[in-house]
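Please build the complete structure, drawing on both the sequences and the hints.
Chains as they are written, first to last, in the numbering used here: chain A, 11 to 458; chain B, 11 to 458.
Be careful, since some hints might not be right.
Just so you know, same-sequence chains aren't split out, so a pair can sit in one copy or run between any two.
[As the list claims (entries may be wrong)] Here are the simulated BS3-like pairs of lysine-lysine, each with C-alpha atoms no more than 30 Å apart in a straight line:
| no. | residue 1 | residue 2 |
| --- | --- | --- |
| 1 | 218 | 311 |
| 2 | 286 | 432 |
| 3 | 311 | 245 |
| 4 | 286 | 416 |
| 5 | 95 | 84 |
| 6 | 408 | 437 |
| 7 | 17 | 63 |
| 8 | 205 | 63 |
| 9 | 12 | 84 |
| 10 | 245 | 221 |
| 11 | 286 | 458 |
| 12 | 17 | 95 |
In case anyone wonders, no lab produced these hints; they're calculated from the structure.
There are 2 protein chains.
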Amino acid sequence: MKPSLPKGTRDFGPEKMQKRNYIFSHIREVFQLYGFLPLETPAMENLSVLTGKYGDEGDQLLFKILNSGQYLKKTETSDYNQGEKHLLPLISEKGLKYDLTVPFARYVVMNRNDITLPFKRYQMQPVWRADRPQRGRYREFYQCDADVIGTESLVSEVDIISMINDVFARLGLTEFTIKFNNRKILSGVAQALGKLEAEGPLCVAIDKLDKIGLDKVLEELSATGFDTDELDRLKPIFNETDTLDYLSELLENSEIGKEGLAEIAELTHLTQHLSKELNAVFDPTLARGLSYYTGTIFEVKINNVVMGSVSGGGRYDNLTSVFGMEGMSGVGISFGVDRIYDVMEELNLFPDDQMLSTKVLISTFDDESRVVGLQLMSTLRSEGINTELYPEFGKMKKHFQYADKKRIPHVVIIGSEELSNKVYSLKNLQSGQQQQYDLSELLEILKK
Amino acid sequence: MKPSLPKGTRDFGPEKMQKRNYIFSHIREVFQLYGFLPLETPAMENLSVLTGKYGDEGDQLLFKILNSGQYLKKTETSDYNQGEKHLLPLISEKGLKYDLTVPFARYVVMNRNDITLPFKRYQMQPVWRADRPQRGRYREFYQCDADVIGTESLVSEVDIISMINDVFARLGLTEFTIKFNNRKILSGVAQALGKLEAEGPLCVAIDKLDKIGLDKVLEELSATGFDTDELDRLKPIFNETDTLDYLSELLENSEIGKEGLAEIAELTHLTQHLSKELNAVFDPTLARGLSYYTGTIFEVKINNVVMGSVSGGGRYDNLTSVFGMEGMSGVGISFGVDRIYDVMEELNLFPDDQMLSTKVLISTFDDESRVVGLQLMSTLRSEGINTELYPEFGKMKKHFQYADKKRIPHVVIIGSEELSNKVYSLKNLQSGQQQQYDLSELLEILKK
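What follows is the structure, given as structure tokens:
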């Protein structure tokens with residue numbers, strides 16, 4: 011039997027793991043620098059928690075878990091005959107989580123009495139979607155989310171934008187752009203065009219701008235009922251400059267639109283007082299599709315790399331209303347680890363030395379040298395130096411091959427000469443140089 | 011609708027997460043110190059990979075995932091009528107992983123051409139079992155495993171025992187005992203008693219010694235066919251001393267038994283040459299139940315705490331033979347994070363300062379002071395100091411309550427006096443002291 015992986019899932023071997031951990035640990039450090047606290051929720055949630063939160067399509071994409079034990083005990087032949095939709099709730103009560111937001115909302119509702127507001131939490135966990143697997147789209151993938159809930163202050167938006175800036179700077183991805191906008195502006199635009207009811211289709215169409223271009227966006231809008239005059243009044247927001255001036259004019263009579271503009275002005279005012287430059291620009295054509303955002307929205311692109319956004323988020327009115335708890339406004343950000351990984355590979359941004367695990371391999375050839383090697387191994391480790399002793403004797407070539415494949419930079423050789431002189435031969439595998447040292451010299455070199 | 015968690019699963023809120031991460035990061039650091047490399051496998055595996063690897067009971071305890079989309083499309087009413095066992099493979103092809111060992115074996119087989127032997131990997135991931143939930147037993151829980159495969163050298167056993175020692179020492183759990191034994195000795199004992207075929211029942215019964223006591227163990231053995239003479243010859247291995255002498259006598263004519271004793275002697279010889287003391291003792295009554303071990307076995311108990319073992323493992327002959335790949339001997343260890351967590355709580359071993367996230371909260375009262383606060387926040391963060399700005403104005407009492415609940419030790423107050431004098435008031439929440447500083451003094455104090 012030849013074993014295989016389920017479609018759309020992946021193993022992460024040592025090299026990939028070390029690179030992924032490099033990304034995760036930088037993101038985690040920044041989250042903590044900003045006062046976000048960790049949360050983890052189970053992989054499984056009750057289907058009553060998950061169903062209906064992601065639309066009909068989302069419900070289809072949930073992985074459902076068969077009830078354990080006698081999973082047919084609540085069913086009869088007639089239930090089977092009524093088909094999949096009828097049978098499902100009788101044989102499955104749990105599913106794998108689809109995102110981190112709904113489980114977070116459930117956590118907040120269940121722990122409302124213990125949570126201090128504003129609550130800043132981060133969560134880095136896998137989620138599962140029964141999507142058709144394709145290049146860059148997986149059925150199991152990690153999300154890295156941070157949210158502030160329980161305050162409407164724009165300081166939270168400042169935190170999020172500044173945090174995005176820090177994450178990408180620390181990863182060495184200096185050439186990025188944070189675009190931000192406000193859903194209230196888009197509502198206002200729809201209102202100003204006399205089409206408040208068409209805000210949804212407007213956002214969906216604008217969201218495709220990068221993929222299909224302006225002409226096709228306008229075509230799509232025309233097909234959903236925007237007339238020529240309306241489109242003409244919309245077009246100037248796609249200009250590269252002066253859009254703010256145009257918007258103040260266009261939104262003059264839209265309360266919600268003016269609110270959006272005021273929030274953009276306030277956010278710009280606040281970010282200007284950070285003691286650093288942010289790669290952030292206002293972009294009124296940022297829409298974030300059909301998502302549930304109601305205020306500020308943002309998205310990050312890596313400049314000069316053909317790839318969708320690597321991070322995105324925004325403010326929502328009410329995280330927990332789906333569970334009957336009102337008034338929990340918040341703002342969140344999600345980092346797309348798979349895309350960040352791919353772009354860092356493409357730009358060769360993973361530092362070599364971060365990927366090292368073992369620093370020195372000890373090579374011995376008989377019981378006597380092994381005993382000395384064990385002692386040395388134990389001493390080096392107690393000094394915090396990642397050390398291995400090659401577990402077998404045999405040809406030294408094999409030991410060196412092992413070090414080479416595992417990218418171990420140093421080999422200590424304990425041969426008969428070394429034994430009688432009570433020294434250690436240290437070979438640097440990069441330079442090829444080999445020299446004899448006593449223990450204190452060896453420690454000094456390896457601790458560097 | 012009141013949301014709930016699936017039975018046997020848990021949320022880990024900020025405080026628990028920080029404590030768990032403290033344990034995980036210490037274990038990970040030690041794994042890396044010993045040259046183990048990280049691996050992660052998907053939560054889902056094909057049922058063809060999982061089924062039949064854990065016995066009939068294990069197969070029952072696997073969580074099965076319903077095929078996505080039209081899950082009944084391969085079935086007819088007659089399949090339903092044939093019952094659960096028949097229907098299962100037609101509606102479910104995947105399951106959640108039950109342990110980390112079988113997925114590791116699958117990984118090794120699928121990547122046999124890319125793996126450098128000996129292969130040292132660690133894996134820290136959740137696993138799922140549809141067990142009846144009870145105190146201390148969960149349906150989703152983490153395993154922390156490290157294995158060396160591809161060498162029969164006892165140096166790997168030395169690594170594992172020394173590693174266990176380091177992990178518990180670093181966690182501050184200094185009062186622990188590593189017991190070790192060898193399955194070959196237990197085989198030898200069964201052989202010496204003329205009951206080689208009863209090795210399984212012998213191990214299962216001895217394994218219960220701690221729980222039920224010697225008398226009940228002997229009763230159980232008697233029930234499975236050991237006669238009085240055989241039990242009399244068995245009893246001396248339960249003595250506290252001289253068991254090695256007795257065993258060399260008893261196993262005189264058992265090849266496998268003598269092999270086991272020789273391995274114990276070799277292991278003892280090798281560990282004596284580490285530059286440190288190990289809390290390791292030979293215990294011939296250690297059995298590790300029905301597990302698949304074939305050589306050295308070990309188990310860790312915390313002294314003076316009523317609790318099962320917190321870690322255990324051993325050597326197996328062939329990790330990958332279930333997938334048709336022979337000759338892959340190895341030795342592994344598993345740390346029980348939930349139990350380690352509980353015992354550390356009981357002994358109060360989590361250091362307070364490890365649990366802190368934010369170091370300083372900035373409190374402002376109007377737009378002018380907020381602008382100054384944002385600048386300070388940004389500066390402190392750029393110096394690596396975990397900082398938050400309370401996002402709202404309002405009563406200062408609320409700001410202090412927030413700091414208190416989040417255990418933030420310092421609050422910087424920027425009031426009107428501070429603004430006009432260009433200073434910052436720093437309040438230490440533990441001592442209650444408050445003093446004014448300029449920026450450089452503030453940085454000096456907070457960077458400590």
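Cross-check of the supplied hints:
For a Cα distance limit of 30 Å, the shortest separation of residue 218 from residue 311 inside one copy, 15 Å, qualifies, whereas the shortest one across copies, 60 Å, does not. Within a single copy, residue 286 and residue 432 get their C-alpha atoms only as close as 56 Å, which misses the 30 Å cut-off; across copies the closest is 20 Å, which meets it. For the identical chains of this complex, residue 311 and residue 245 are intra-copy neighbours only, at 23 Å inside a copy versus 72 Å across copies, given an alpha-carbon limit of 30 Å. When the C-alpha separation of residue 286 and residue 416 is checked against a cutoff of 30 Å, the pair qualifies only between copies, where the shortest distance is 27 Å, while the shortest distance within a copy is 41 Å.
For the homomeric pair residue 95 and residue 84, the shortest alpha-carbon distances inside one copy (15 Å) and between copies (16 Å) are both at most 30 Å. For the homomeric pair residue 408 and residue 437, the shortest alpha-carbon distance inside one copy (15 Å) is at most 30 Å, but the shortest distance between copies (61 Å) is not. Taking the closest pair of Cα atoms, residue 17 and residue 63 come within 30 Å of each other both inside a single copy (25 Å) and across two copies (22 Å). Proximity of residue 205 to residue 63 under the C-alpha cut-off of 30 Å is restricted to the intra-copy arrangement: shortest distance 27 Å within a copy versus 61 Å between copies.
Taking the shortest alpha-carbon separations for residue 12 and residue 84, only the inter-copy value of 23 Å comes in at or below 30 Å, while the best intra-copy value is 36 Å. When the C-alpha separation of residue 245 and residue 221 is checked against a cutoff of 30 Å, the pair qualifies only within one copy, where the shortest distance is 18 Å, while the shortest distance between copies is 78 Å. For the identical chains of this complex, residue 286 and residue 458 are inter-copy neighbours only, at 24 Å across copies versus 33 Å inside a copy, given an alpha-carbon limit of 30 Å. Taking identical chains as interchangeable, the C-alpha atoms of residue 17 and residue 95 lie at most 30 Å apart whether they share a chain (24 Å) or sit on different chains (24 Å).
Consistency with the previously given hints is maintained throughout, with no hint failing.
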